Each structure stands twice: as C-alpha cells, then as structure tokens.
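Participant: Model the full structure from these sequences, guided by the hints.
Residue numbers (my numbering), protein chains in the order written: chain A, 1 to 278; chain B, 1 to 320; chain C, 1 to 240.
Mixed in with the good hints, there may be bad ones.
Claimed, not checked - Here's a subset of chain A near chain C, in silico, CB distances under 10 Å, partners left out: (1) 14; (2) 242; (3) 266.
These are calculated hints, taken from the structure and not from any lab test. If you're wondering where the values come from, they're calculated on a predicted model, not measured in any experiment. Where is the CB? At the ideal position from N, CA and C, for every residue including glycine.
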Amino acid sequence: MTAISSPLSYLNRVDEPRLIGAAPLLRVQGLCKRYGRIQAVQDVSLDVYSGEIVGIVGESGSGKSSVLRLLNLEELPDEGRYTLALPTAIGLDGVNLFSLDRFTRREVQTQHIGIVYQNPHLGLRMGHTSSGNVAERLLISGERSFHALRAAAREALAASDFPLDRMDDPPRKLSGGMQQRVQLAKAIALRPRLLLLDEPTTGLDVSVQALVLDTLKRLQRERRLAIIIVSHDLGVIRALADRVLVMRQGRVIEQGLTDQVLDDPQDAYTQQLVHAKL
Amino acid sequence: MSRLAALAKPQTGYSYAFMDAFAKRELRRRMLKAVAIPGYQVPYASRELPIARGWGTGGLQATLSLVGPETVLKVIDQGADDSVNAANLRRFITRMSGCQTTTDALQATIIQSRHRIPEEILREGQILVLQVPDPEPLRAVQSDSSACHHMHADADYGQMWLVLYEQLVRYKRYIQGASYPSLVNGRYLISPSPIPRWDTPKLHRAAHLTILSAGREKRIYAVPPYTDVRPLEFSDIPFQVEDQRTWADERTGARYKFMNELPQADGTARYELSDTGYAEKLIAKQRGQAVTIGRTYYDDEGNFYHDGYLKPPVIPEQGG
Amino acid sequence: MVLLDVVGLTKTFTIHHLDRHIPVFHDLCFRLHEGQFLLVTGQNGAGKSSLLRCLYRTYLPNDGHAYYESRYGRVDLARAADVDIALLRREEIGFVTQFLRPRPRVSALELVAEGLGELGEARARDLLDGFGLKPELYSAYPTTFSGGEQQKVNLAHALARPRRLLLLDEPTASLDAQARRSLCQRLADLKAQGVAMIGVFHTADEIRALVDGEIELRGARLGLPTHDDETTHGGFYVAD
Numbered sequence: 001m002t003a004i005s006s007p008l009s010y011l012n013r014v015d016e017p018r019l020i021g022a023a024p025l026l027r028v029q030g031l032c033k034r035y036g037r038i039q040a041v042q043d044v045s046l047d048v049y050s051g052e053i054v055g056i057v058g059e060s061g062s063g064k065s066s067v068l069r070l071l072n073l074e075e076l077p078d079e080g081r082y083t084l085a086l087p088t089a090i091g092l093d094g095v096n097l098f099s100l101d102r103f104t105r106r107e108v109q110t111q112h113i114g115i116v117y118q119n120p121h122l123g124l125r126m127g128h129t130s131s132g133n134v135a136e137r138l139l140i141s142g143e144r145s146f147h148a149l150r151a152a153a154r155e156a157l158a159a160s161d162f163p164l165d166r167m168d169d170p171p172r173k174l175s176g177g178m179q180q181r182v183q184l185a186k187a188i189a190l191r192p193r194l195l196l197l198d199e200p201t202t203g204l205d206v207s208v209q210a211l212v213l214d215t216l217k218r219l220q221r222e223r224r225l226a227i228i229i230v231s232h233d234l235g236v237i238r239a240l241a242d243r244v245l246v247m248r249q250g251r252v253i254e255q256g257l258t259d260q261v262l263d264d265p266q267d268a269y270t271q272q273l274v275h276a277k278l
Numbered sequence: 001m002s003r004l005a006a007l008a009k010p011q012t013g014y015s016y017a018f019m020d021a022f023a024k025r026e027l028r029r030r031m032l033k034a035v036a037i038p039g040y041q042v043p044y045a046s047r048e049l050p051i052a053r054g055w056g057t058g059g060l061q062a063t064l065s066l067v068g069p070e071t072v073l074k075v076i077d078q079g080a081d082d083s084v085n086a087a088n089l090r091r092f093i094t095r096m097s098g099c100q101t102t103t104d105a106l107q108a109t110i111i112q113s114r115h116r117i118p119e120e121i122l123r124e125g126q127i128l129v130l131q132v133p134d135p136e137p138l139r140a141v142q143s144d145s146s147a148c149h150h151m152h153a154d155a156d157y158g159q160m161w162l163v164l165y166e167q168l169v170r171y172k173r174y175i176q177g178a179s180y181p182s183l184v185n186g187r188y189l190i191s192p193s194p195i196p197r198w199d200t201p202k203l204h205r206a207a208h209l210t211i212l213s214a215g216r217e218k219r220i221y222a223v224p225p226y227t228d229v230r231p232l233e234f235s236d237i238p239f240q241v242e243d244q245r246t247w248a249d250e251r252t253g254a255r256y257k258f259m260n261e262l263p264q265a266d267g268t269a270r271y272e273l274s275d276t277g278y279a280e281k282l283i284a285k286q287r288g289q290a291v292t293i294g295r296t297y298y299d300d301e302g303n304f305y306h307d308g309y310l311k312p313p314v315i316p317e318q319g320g
Numbered sequence: 001m002v003l004l005d006v007v008g009l010t011k012t013f014t015i016h017h018l019d020r021h022i023p024v025f026h027d028l029c030f031r032l033h034e035g036q037f038l039l040v041t042g043q044n045g046a047g048k049s050s051l052l053r054c055l056y057r058t059y060l061p062n063d064g065h066a067y068y069e070s071r072y073g074r075v076d077l078a079r080a081a082d083v084d085i086a087l088l089r090r091e092e093i094g095f096v097t098q099f100l101r102p103r104p105r106v107s108a109l110e111l112v113a114e115g116l117g118e119l120g121e122a123r124a125r126d127l128l129d130g131f132g133l134k135p136e137l138y139s140a141y142p143t144t145f146s147g148g149e150q151q152k153v154n155l156a157h158a159l160a161r162p163r164r165l166l167l168l169d170e171p172t173a174s175l176d177a178q179a180r181r182s183l184c185q186r187l188a189d190l191k192a193q194g195v196a197m198i199g200v201f202h203t204a205d206e207i208r209a210l211v212d213g214e215i216e217l218r219g220a221r222l223g224l225p226t227h228d229d230e231t232t233h234g235g236f237y238v239a240d
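Facilitator: Below, the structure is given as structure tokens:
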C-alpha cells in the first residue's frame with residue numbers, strides 16, 4: 001500500500017512563501033475570540049498580500065463573520081496580533097492594531113480598511129443621498145471642500161459601476177445590487193489597501209451577483225487591493241478568490257488555492273461542504 | 001384686605017437671588033469648568049424655579065448665580081426687552097437680587113437673552129447668558145446621548161458635515177437657520193442656542209463671556225472671551241448670514257441689522273429692528289436726545305467689525 | 001537548463017466519508033528542460049489530467065517533489081506556499097484546457113488582452129485571428145458564444161501571456177481543423193522560444209513533431225517509458 005499522509009498533515013505540507021518578494025499586507029496571528037461560552041474564533045492566523053483575494057468559507061456559526069469583524073477592528077479579540085503593512089509615514093509598522101487606542105483604531109479603520117456588509121442597512125444611511133454615504137468617509141478623514149467631495153464621490157461610485165445620474169438618490173430607493181455598489185464605493189472612497197466583504201452578493205439575483213463580482217474583480221486588479229471575502233457560496237468564492245480558508249467551529253481546518261480546496265479538498269469536512277454545494 | 005396685604009407682602013424666607021448658596025456655588029463651579037473647556041457641555045443639577053422648564057430656567061439659574069446688588073441687568077427675548085417672558089424674568093431677578101436693570105446693551109453687566117445677541121459690540125467684562133433649549137448639536141444625527149458623548153470625545157463630527165453636504169446637494173445652500181453648529185476653539189462642536197445665523201459670527205473672538213445654559217437638559221457650556229467659534233462650512237462654500245440687505249427698519253431707516261419681518265394684509269412686508277434696545281437708542285438720537293450708541297457688529301454697509309472669517313454678504317451661490 | 005525536476009511525485013485521493021484511498025500515480029519521476037515537450041499518454045482515468053493538475057497545484061500531491069526553476073529561484077511545486085504558486089500561475093506557468101469560464105461584461109478581446117499592457121490588444125487580435133474567431137465577435141461577450149468559439153477565446157487567453165511552462169490538457173479537443181493547425185503552429189513557435197510543455201492530447205498526431213519525450217500512465221502506477229534512453233532525448237528522461 002502506498003504511504004498515505006494522515007488527514008491533518010496536509011496543513012503542514014506547505015512551505016513558507018519564498019518566491020514572493022513583498023511582505024504580506026495583512027498579517028494575523030493567533031486570533032482568539034470568545035463570546036460567553038462560545039469559542040467563536042480559535043487560533044486563526046492569516047497572511048494576505050496586496051492584489052490577492054482570499055476567501056473564507058464555512059457554515060453559519062463557523063466564526064467567519066467574527067473574523068471579519070475583528071479584522072475591521074469593530075471588536076477586539078481575546079488574543080492575537082494584527083498588523084497591516086501601511087506606508088511607513090503612518091508609523092504603524094509592526095504595531096499590533098488591536099493594541100491601539102480607540103481613537104487611532106477608528107482612524108485606521110476609516111482610512112485603511114473598507115468593508116461591505118451583506119445587509120446594506122449596516123453599512124449605509126438609507127435616508128441620506130448615495131453620494132453623501134460615500135462622501136462621509138472623506139468627511140471623517142478631514143476633506144472640507146464640497147467640490148472635492150463631489151468629485152471623489154463621483155469617482156468612487158463610477159469605479160463601482162454605479163450609474164451617476166442616480167448618485168443623489170437615497171439608498172432606500174435603490175435595488176439591492178445598487179445598494180451594494182454604494183457600499184462598495186463607500187468602502188473604496190479613501191483608497192484603502194484592504195477591502196473586507198461579508199457575503200456581499202448574498203440575496204442578490206444571480207445576474208446582478210455576477211455583475212457585482214465582475215466589478216470587484218476589476219477593482220482588485222486596478223487598485224491592487226487585498227480583498228478578504230466571507231461567503232458560504234462556493235460559486236462566489238470560486239469566481240473571485242485566489243486562495244480560500246475553510247472554517248469550522250472557529251478554527252481554520254483547511255486552506256489552499258481556491259481550485260485546489262474546491263477540486264481536491266483534503267479535510268473530511270471540506271469534502272462534505274464541497275460535495276454538498278456542487 | 002388684610003389677607004390680600006399678607007399675600008402681597010415682600011418676599012421673605014428665600015435666599016438672596018432665590019437659589020440657596022450651595023446651588024449657586026455648584027453652578028459657578030460648573031461655569032468655571034465650562035470656561036476652562038470651551039464648548040464642552042458640563043452637566044449640572046438643574047434646580048426647580050418658579051417658572052416652568054423650557055421657559056429659560058437654564059439661563060435664569062446662571063444669571064441668579066452671577067447676579068449681585070451692583071449688577072446692571074438686561075433681559076431680552078427674541079431681541080425685545082418688553083416681551084412677556086423677558087419682563088417676567090427681569091422682574092423676578094430684580095425682586096430676588098435688588099439689581100438694577102437697563103435696556104441698553106452698553107450699560108448692562110449681565111445680559112440674559114433668548115435667541116439674540118445685541119447689535120452693539122459687547123465689551124470685556126460683560127456676560128451674555130443665553131437660554132438654550134437643546135444643547136446637543138449631535139442630537140439631530142444621533143439620538144443616543146451616550147453615543148453623542150463618544151462622538152464629542154473623538155471629535156467625530158463627520159455626520160454633522162454630512163448633514164451640511166446633504167443640504168448643499170438638495171438645496172444648493174446651507175439651510176440651517178438658527179443654532180448653526182459651530183466649532184469652539186477648534187475642538188468641541190456646540191449648538192449656539194437658537195440664535196440666527198446673523199449672530200453666530202458675533203461669538204467668534206468676542207471680548208465678552210458667553211454662558212449657554214440649558215435648564216431642562218441640565219447642561220452648561222461657555223465661550224470664553226477671545227475664543228474661536230467657527231461655523232461648520234466647506235472650504236469652497238462659505239457660511240453666509242441672512243441676506244437682509246434690502247430690508248430697512250421702518251422707524252429709523254437702519255439697515256444691515258437683524259430685522260423682524262411684519263407681513264401686511266396686502267402681501268407686502270414691513271421691517272423693524274429685532275433689537276429693541278438698540279432701536280430705542282436710534283429713535284432717541286433722531287429726536288435729538290443725548291444717547292451713546294456703541295459700535296455695532298455689522299456696520300452700515302454690512303461689513304463685520306473684525307476680519308474674522310465672515311465674507312461680506314453676497315447672494316448665495318446657485319449651483320455646486 | 002532543467003526547468004522541472006519531478007522526483008517521486010505521488011497522488012492518492014482520500015475520500016473520507018467512504019473511507020477510501022484512490023491511488024492515481026505513485027513515485028513519478030521525470031525531468032524537463034527548457035523548450036522541451038513531454039507528451040503524457042494513457043487510458044482514460046490513468047491520471048493524465050491529474051498529473052497536470054498536481055503540477056499546477058489544483059491537486060495537492062501527497063508526496064514527492066516537483067522542483068521548478070523559476071525566475072525567482074528554485075521551488076518545489078508540490079509543497080510551495082500557495083502565494084508562491086499563485087505568483088507562478090500569474091507569471092510563469094500556464095494551464096490550457098478546452099474549458100472557459102467566461103465573465104459577464106468582458107468582451108472576448110478584453111479577456112484575452114487583460115493585463116498585457118499596451119501591446120495586449122494587437123496580440124489578442126493576432127491570436128484570435130489565428131484561431132479563426134470571426135472578427136465581429138471580438139467585442140462580443142463570450143458568455144454568449146458557442147462551445148467552439150469559447151474554446152478559441154480560452155486558448156488565445158492562455159497563450160497570450162508569456163509563459164515558461166505550459167500544461168496542456170487536451171487543448172485541441174473539439175477544435176476545427178484550422179484552429180487546430182493554428183494552435184500547433186503557435187505551440188511550435190513557443191517551443192522554439194524555449195517554452196517547456198507537458199501535454200495530454202486526445203489525438204497526438206498533429207503535435208507529434210514537437211514531442212521530445214513521452215510517458216505513459218497506467219493508473220496508480222507509472223507506465224514504462226516509451227523512450228527510456230535519456231541520452232537520445234537531450235537530457236530528458238523518465239525514470240521510476
């Protein structure tokens with residue numbers, strides 16, 4: 001009989017990166033988060049490079065959205081380090097973002113991290129204008145020229161393939177796909193290096209979903225964004241992600257290139273997940 | 001008759017200036033703190049007074065804490081010395097403190113006001129007490145007051161800017177008429193009582209002390225003398241005061257002062273000076289009486305008295 | 001220069017819920033130089049595609065090494081970090097199949113020229129023309145194309161980028177004769193430029209002239225090499 005590696009050994013079968021010269025944009029080590037008796041996130045580590053799209057998949061309650069909230073600095077973990085390789089001038093080289101004071105943390109969150117939520121109500125002020133929603137990020141970062149705000153909002157909305165003749169309509173009057181584009185424009189308005197997507201196309205029509213994914217792909221190419229996308233939809237992950245992490249009960253149980261994880265899943269749970277979906 | 005006389009006898013059994021010494025001391029301490037942190041809303045224990053909350057109890061408590069026998073008091077409501085509310089407050093304060101009163105802004109040492117700052121420039125040593133209905137400028141965008149505290153702590157005023165942005169998109173101009181949100185000393189955002197936009201620039205680098213007090217909301221804040229108070233404005237769309245250049249007071253012909261518009265049955269309007277104390281002096285002067293009329297914040301061409309930030313009045317730009 | 005050195009490469013699928021191991025190939029060894037063409041033959045299910053996929057890391061090999069001499073240095077494709085593999089896929093190693101996964105609202109020309117810079121469009125036109133795609137379809141969306149047309153776009157897309165190693169998984173299947181000839185010509189040009197190739201072909205006749213060596217897979221075990229004398233094949237050899 002041929003030598004078969006034990007099911008878990010594949011996680012250690014892969015070397016450290018050697019060819020890719022750059023340092024990862026995002027580095028997370030040993031992330032742990034507990035809510036009461038629930039261990040939502042257990043020892044999650046992750047490197048993401050500029051220009052990369054990394055997917056996180058898993059069923060509801062697997063901890064994938066908790067990871068995203070932690071990465072967006074909305075919550076603090078019980079343990080873990082989180083660094084972003086931002087321009088040196090910002091002075092956060094090697095600084096654990098979780099250790100920042102609330103004020104600086106919020107600044108990093110606004111300036112360097114963009115997020116798109118599944119539920120547009122979480123990310124948008126539904127009664128304000130769409131352009132205002134986008135402009136808010138610039139206002140927070142100190143832009144005080146109205147015309148500059150208009151121009152920046154227009155640019156970000158255009159980059160998100162949002163029809164500009166509707167830029168002053170409130171999101172509550174827009175379709176779901178349009179609302180996600182406004183969220184996306186808001187997320188990229190300050191040209192962050194990192195974009196977090198939490199089930200961005202769940203609940204959209206398949207055709208609308210394809211268009212939104214197309215926009216995301218183009219943005220990632222044009223702006224060299226690092227994108228982390230959380231989804232339970234393996235189709236979305238396959239269409240978008242370069243690499244994927246599979247989470248279960250707060251742990252990363254498998255990770256690899258997207259096609260490898262989906263076509264040659266190693267872990268028993270991943271095999272179940274993939275076969276259930278395809 | 002004896003019973004009536006008993007009821008009408010001079011008030012006794014009250015502390016000087018109605019409030020007890022401890023309450024006044026607390027208020028004075030709060031005011032000192034407010035002066036020390038310009039624009040910061042200091043909470044205080046708002047006392048019961050013989051007028052209802054919402055009728056100027058905040059301003060009244062501040063005035064009662066500051067008043068003394070040597071005080072010269074002016075009380076105005078919407079610019080008028082003779083409106084019912086102003087008259088009642090004035091009578092109450094005088095009866096309780098024995099202070100003198102005046103309608104002349106130059107003579108007063110304490111001016112308690114609702115909605116207006118006098119037209120004549122206040123000087124060092126004068127105290128302007130503004131009655132405030134709602135001290136929280138963020139209330140409009142954030143109903144959770146503890147969230148408002150966080151926003152003030154972080155100087156997180158993005159949402160207020162967003163409100164202005166939305167106004168410009170929808171109406172092409174800032175539509176906030178009174179209580180125009182202003183940044184004090186570059187740090188705290190205040191709601192400068194519901195004074196009209198016309199009066200907002202008067203707070204900027206003013207020589208006098210302004211105390212803003214909200215009785216119902218139990219918050220007191222201050223603009224110390226010579227402190228920056230700048231309305232929120234985009235760098236390319238300047239803040240403007242009300243455009244009343246074509247309006248002239250019907251009794252004195254005065255212009256470039258804040259006017260009350262009196263609509264007429266035939267559809268036209270007449271205008272009168274909102275600041276009655278100032279109007280009285282102008283009329284007296286026209287009659288040849290000897291009065292001292294101080295320099296005003298806006299001169300007769302509508303120019304502001306110091307360089308400040310205010311551009312000469314222009315018609316609000318359309319477009320943008 | 002040896003571009004790829006495969007030593008003891010082993011792939012076994014494990015299906016957990018059936019508790020079964022399915023061996024595909026075991027202890028596979030071969031070596032490939034720049035500009036060489038290796039033909040992989042074998043029955044259906046012998047693991048031809050699996051081998052290509054293991055080298056592309058769509059499948060994760062269980063054991064063994066596939067040392068690849070990249071521009072950035074030597075790396076083992078069997079266990080290199082995912083980001084390194086992603087880098088090689090972007091820049092050095094191409095996988096050519098008949099299957100296209102078109103994206104909405106991206107025209108055929110845009111798809112092929114994507115990321116190629118200024119000369120991309122001319123290059124894309126050249127390739128699409130070579131495969132005989134009608135010019136009126138260049139600006140149309142491949143989602144609406146027939147299978148054959150999609151395949152032409154896909155081949156153009158795969159071959160437009162400069163590569164050092166091409167993994168060819170039956171690229172000619174279901175192509176018309178003109179496109180087939182064009183593809184072979186294109187592969188010959190690339191080979192002349194030093195591109196190494198490992199190919200699985202349904203019918204190998206048309207590329208026979210390009211082949212430097214051949215391995216036959218027999219399911220779970222390496223077949224006997226058809227040419228076992230390495231000296232006659234410019235350093236290319238197959239060994240067990």
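Participant: Compare the structure with each hint and give your call.
Facilitator: Hint check results:
no., hint, verdict
1, 14, "holds, 6 Å"
2, 242, "holds, 5 Å"
3, 266, "holds, 6 Å"
Consistency with the previously given hints is maintained throughout, with no hint failing.
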